[in-house]
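K.L.:
Spelled out from the first residue to the last, the chains are:
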Amino acid sequence: MEISLSPEQVVAATRPTDSRGQTNRRITNIAPLGEAREGDLSFLGDRKYRKDLATTGASVVLMPRDDAADPGENQLFLYFENPSAALARLCAELEVRLRPRPAPGVHPTAVVAEGVRIPPSATVGPFCVIESGASMGENSILEARAYLGRGSSIGADCRLMPGAIVMDGCRLGKRVIVHAGAVIGADGFGYDSDASGHAKIPQVGGVSVGDDVEIGAGTTVDRARFSQTIIGEGTKIDNLVQIGHNVRIGRHCLICAQVGIAGSTTLEDFVVLGGQVGVAGHLRLGAGSQAGAQSGIGRSLEPRSTVFGSPAVPYLLRQKISILQQRLPDLFRRVDKIEAGLEKAFENPVEKG
Amino acid sequence: MEISLSPEQVVAATRPTDSRGQTNRRITNIAPLGEAREGDLSFLGDRKYRKDLATTGASVVLMPRDDAADPGENQLFLYFENPSAALARLCAELEVRLRPRPAPGVHPTAVVAEGVRIPPSATVGPFCVIESGASMGENSILEARAYLGRGSSIGADCRLMPGAIVMDGCRLGKRVIVHAGAVIGADGFGYDSDASGHAKIPQVGGVSVGDDVEIGAGTTVDRARFSQTIIGEGTKIDNLVQIGHNVRIGRHCLICAQVGIAGSTTLEDFVVLGGQVGVAGHLRLGAGSQAGAQSGIGRSLEPRSTVFGSPAVPYLLRQKISILQQRLPDLFRRVDKIEAGLEKAFENPVEKG
Amino acid sequence: MEISLSPEQVVAATRPTDSRGQTNRRITNIAPLGEAREGDLSFLGDRKYRKDLATTGASVVLMPRDDAADPGENQLFLYFENPSAALARLCAELEVRLRPRPAPGVHPTAVVAEGVRIPPSATVGPFCVIESGASMGENSILEARAYLGRGSSIGADCRLMPGAIVMDGCRLGKRVIVHAGAVIGADGFGYDSDASGHAKIPQVGGVSVGDDVEIGAGTTVDRARFSQTIIGEGTKIDNLVQIGHNVRIGRHCLICAQVGIAGSTTLEDFVVLGGQVGVAGHLRLGAGSQAGAQSGIGRSLEPRSTVFGSPAVPYLLRQKISILQQRLPDLFRRVDKIEAGLEKAFENPVEKG
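Chains as they are written, first to last, in my numbering: chain A, 6 to 358; chain B, 6 to 358; chain C, 6 to 358.
No lab work stands behind these hints: they were computed from the structure. Because the structure is a prediction, the values reported are computed rather than measured. Misleading hints may appear alongside valid ones.
Any copy, or any two copies together, can satisfy a pair, since identical chains are not distinguished.
Claimed, not checked - DSBU-like, lysine-lysine: derived pairs with alpha carbons at most 30 Å apart: (1) Lys53 - Lys205; (2) Lys325 - Lys53; (3) Lys179 - Lys349; (4) Lys56 - Lys205; (5) Lys53 - Lys349.
If we strip away everything but chain A, and leave its shape as in the complex, we get (with noise of 0.2 Å):
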């Protein structure tokens, strides 16, 4: 990411309430306190690296207004009620110049099935392939090689990144990010099994995708057995997560990396699951409950539960087993004394009594 502005446009972008210090230099990096240089723009969000404050190279620092360090020479202090918001603005800004959004119409290699009709301001990509029935919300865009399968569609303002798929029969709503190489809408994994071996089931359900949501780069969501597996609005999806068919996920819910979700369970709204967390299946977990990553869930959870570990258990007990186990080779050796001491005691009760 090439990145070039001047003092003026940072100040244009972040909108600071005051400022101290000068500096003639453009900005070319973001870099915490710590790691910039001359010509790198950094920030004080939290407390905890004000001591790099003084030593720090940037040119520009975004800074709590309440501060009352001072700027170097050559260095200029922006002053914000809330720095971390200032530097979002600053990389919305940013991300607009460095991946700018393509511009609207399909491009002359995508295959677009006879009868779709893809709205003027809508982007399809090289390689891209709509097949019949399918529809695509204004201003919706497909890069390079995305999927868009039979009779699904996606709303307004959806971004499918290259190589992102959607089988068929699959809803997106509006705003909806899918990264690249994901999977949405494959079949779920249903046998009917004997000792012969595996009858696939046949499924025929659907993937249905809220509003607002972000589904990670190589994630799968399996399409339903029949009626539909269910990302609620504004949840948010990391990479290579699995989500089993007849999943029903709620509103606002942050799914971690690797997690994988078993069939037919249902997370309720705002629940968030850590890093590689595996949950079995037909379980429900309660509105805001919370797994620590690597949590393996075989029951369900009461909302707002905080569980760790594997079996999940509530967070604190998890803490107080994993210290106890670092204990157990003392615990066994304590016990094998008082063992000792006790046989020798009542074998010779006169010496002790």
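Since chain A is already given, all that's left is putting chains B and C on it; use the hints.
P.N.:
Using the frame of chain A, we list chains B and C on its own:
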């Protein structure tokens, strides 16, 4: 998925032994009894849901033939020896309607190497690439942008879903399904390492996949260092699974999502691995052995073993350990108390004697 | 893979110091001693397989030079200082034959943005997309449908396998291999969350990949929030690994399949992570530290640490814990018995005294 079936069409597809009641509603959805509304078809498969029968809004219910419940108004009950099998027949019928087989032929955008013969019954979708020396069996389908590498072959009635990749030198049997984004035949992870770094060991083997195998979305199966990585007939592999080089999987195994199997390990027939299981390299898992979700298998297993946990131990032992772990805080307190009591007792032996 | 080498070709490729016996069979396969049949080449690398030498059907065997065993009839033994290195030389030779380098040039179906200069020595396969401002080094290869994003660069002798995706603003060094389906430079997983939901934090950094790095199939490496996610020179990453935003991986690390590394964590040089390991964010793993499969690393590690388990603790302690856990049922019984004995003893002190 848009379903629309008349009650007569449901009867024709499911072939009930008997019926009671009647409805004039077309069926537009399938749902569990507890959720089904007018226009839905539902089913009583598991007796534990029988309580929902009285209140279900379903217009058609697939029932076990010995059930005496009465249909409601404008409700049709259809009776079967096995309602689940009847539902599977209906879904198979729906699948044909909802996801029709693409027409045979090679899409004009596909790139097929010189000398490759595509059977007239086969389908090659847009942007597919078929490299030199590859071959396709009768009725096989490459969906959009599937890739078939140099010298690789797929048998009759196979289906590579959109974006599926079969690298060079791989052989797939008949009726194999490779889901979107799966990669068969990437290089194994092998290096000669020393203090200067890691030198790549050439991976010149292939992958051999038996008949009736299904490979999930985003799953990766590495080619052998030499000879073949093998997936046996009838084995079903879920999404985001990693199969290392030179692994040999037997017939009719079930490998759930996000499992990882390290190099040169052998699974005999009918092995079942739960989600996120990890298996170390160079092991043998005996026929019919099973491992619970998130197990970490570091040793070979006898046939019909049932293991769980990380490290994996016999299932019942793991269950006991999990329960006793939660009682560790109590155990430590008990041992503290014993020690304190004994210290007191033997410091003042006269009082006690 | 179809191999066919005369014994003379094997000799030419491996350069033995000596030989005994002879065969007229062409070599069509490579197999371990215990499985090799006529027409196969085998090798005695590890002495533990020497027992298989007497009964192997191999036509050619690569032997350590000090081994005194006699070849059988129609069997050729070739002697080497290091038979494994000889095998590697043979496999390298085979690789060139089996997987020849594609011819240089840009496939007519590729879409290359205006102004991008492709070196004449480079190869761009069918359906590749190269966006504006991207650049490719000499002899680099984009296989079928690889994607190189806006402003991204790859150095000389790189290879993007089919379907590999390098998003915008990424820099790859020389001799980097990106396997099929991998995604370099998707957005990091970062949100500003409050009770109303999660606002996306723009991810405007890139990914910087050093020379001689290999990135496995389906692996995802996220772009930095700002500045760079870094993969150091010579590091090898297996399949389906997740590298979070702003992670910095040192030189010559080995990251096995399905590992997940959360944001802003640093790995120093020569770190080794076993399969399915999870590493929390904002940690530092010291040079040469190693973690066993499925470890969950929640704290920074000193250089040369060896840890195991979830939570990860020193390897030997984890081994002890694992063994003692299996003795927990017995320990609980022992403590029950001690308590019962003591209760009896001190309830009836006279009897004992």
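K.L.:
Run every hint past the structure and note whether it holds.
P.N.:
Status of the hints after comparison with the structure:
In this homomeric assembly, lysine 53 and lysine 205 come within 30 Å of each other (Cα to Cα) only across copies, at 24 Å, whereas the closest approach inside a single copy is 56 Å. Proximity of lysine 325 and lysine 53 under a CA criterion of 30 Å is satisfied intra-copy only: 28 Å inside one chain copy versus 38 Å between copies. Taking identical chains as interchangeable, the C-alpha atoms of lysine 179 and lysine 349 are never at most 30 Å apart, the minima being 77 Å within one chain and 72 Å between chains. In this homomeric assembly, lysine 56 and lysine 205 come within 30 Å of each other (Cα to Cα) only across copies, at 29 Å, whereas the closest approach inside a single copy is 62 Å.
Taking the shortest Cα distances, lysine 53 and lysine 349 never come within 30 Å of each other, neither inside one copy (58 Å) nor across copies (49 Å).
The structure fails to meet hints 3 and 5 from the earlier list, while all remaining hints are met.
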